[in-house]
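The whole structure should be built from the sequences, with the hints applied where relevant.
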Amino acid sequence: MGLSTRVSNDEAPQAISIVQRGNLKTLEKTLRKQWRMGQNIVLCWSADERGLLVILVPHYFLGNYCAATDAQTAESGDNEDFIRDLISGQRRKTRDELFAVSARLDVSPTFIKLNTALTEEHQVLDAVEQLIKRYGLSYVQSRAVLLFDIVEFSLYTPFEQASQLNSLSYSLNSAYNKLLAQGIEINFARTTTGDGYYIWNRDLGPGANQNLFYFMLLVVADNAEARAASRGNTVPLVRTGYHIGGHYELYQAEGVNPSLFSYIVGDVTIELARMVDLAQARQILIGDFQCKQVWPGSVDTRSVTPMTAPAFVSACNRDLSSMRGTQLSGKTIDAISCHLTDNIEPDGRATPRRFRIVDKHGLSRHAYNLQIEINLDDQSLSLGLDETRLPGRAPPQPETAAGAHKPGGAPSAEELFDDLASMLKKRSAKTITED
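Using numbering that gives the first Met the number 0, read the sequence shown as starting at 0 and increasing by one per residue.
Note that these hints are calculated values from the structure, not bench results. Predicted model, so just to flag it, every value in this text is computed and none were measured. Positions of the beta carbon are idealized from the N, C-alpha and C atoms, including for glycine. Do not rely on the hints blindly, as some may be mistaken.
Here are the simulated lysine-lysine pairs, DSS-like style, with alpha carbons at most 27 Å apart [as the list claims (entries may be wrong)]:
1. K429 - K330
2. K92 - K28
3. K92 - K24
4. K291 - K359
5. K291 - K92
Pairwise CB distance ranges, derived in the manner of DEER restraints [stated by the list, open to error]:
6. N176 - A66: 27 to 33 Å
7. Y59 - I269: 17 to 23 Å
8. Q279 - N186: 27 to 33 Å
9. Q279 - D80: 36 to 42 Å
Put into structure tokens, the structure is as follows:
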């Protein structure tokens, strides 16, 4: 299949006419006024011969609507699913669909008058969609997200912290340029976590998750080379997580306007944070996800197949030969490969080692350990943690002190205190063990 989303000169967007630019300017001015510094959000829209119809609701409306528990309302149980579908993908609705949404939410549509009707040109409709999303809230069902976390960031001086964030930012830009040289333009976005970055691909095509995976490999490699050549604490030591899942996307208010940059929050970012919290320095964790991906070698790029995380990594690895010749710190990549750390079963089969991560709340999730091998002009790079540094299976739990007292006898004060301490320890313990 080769690396996805090749840049094509034939796909350059056409210019929007002066008349339609005037429509877009009027639309944005009206939306900003109706938005009221974040008080209201836009859910969807429909074209009208004299302008647009939009559904606007207060920012707290969706939370209240999804929390509805009226037993007499048959639809109350799937309110959240309805809202997620409504704010996913394209926001344009037919007139009938918009009024059906209006009736279900019990909210009247708002009419926005334009000088002329909107055209059906792709670039015009695209611009309207972006405006609606900027003044609203979006949900993405499945998207790959990266988390780069700087190890022991809080222990460094402010100058060192600034230098490390700048170095990591440069590695992101460097990886972007390397992919671009291979004909791949990844439309990546990022938000800071304070000691690192969440990264995602704005594009949602069938190859978007795969391209973000390659982006991660190049960022990790560039960071490793920079650390090898640096002195002091100017280049960060990072730990990395890659996961695919759902999230909400929003634009926060900056003064009287929504920001130009979006923020994401949801299951995928929560899972990444919990995974990476227990990762070791230099470790690369891959979440235990399922996604839909174009199979390598597929002629029809619209044909997607469900994949588990191990199958996804294997598919990405088979395509890595396309990255031979990429420059890394002035050296040429002769070969690059990646794999999940595995176990050899008694029958000789190799199966990926899966790890169970338990957070401070006692909630658990699974992840895999990724290893990367890169051959350069005169050296070999092994990135990630090898099998010798990974945790093993959890030892069997010993009997509690409370169970050691004599049958029929009341536990002593010491036994009660020991039992309570054991319970508190179990509740707050964060662990990562082989599943």
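To see whether the hints hold, each was checked on the structure:
no., hint, result
1, K429 - K330, "violated (41 Å)"
2, K92 - K28, "holds (22 Å)"
3, K92 - K24, "holds (21 Å)"
4, K291 - K359, "violated (31 Å)"
5, K291 - K92, "holds (26 Å)"
6, N176 - A66: 27 to 33 Å, "violated (46 Å)"
7, Y59 - I269: 17 to 23 Å, "holds (22 Å)"
8, Q279 - N186: 27 to 33 Å, "holds (31 Å)"
9, Q279 - D80: 36 to 42 Å, "holds (38 Å)"
This entry does not satisfy hints 1, 4 and 6, going by the numbered hints stated previously.
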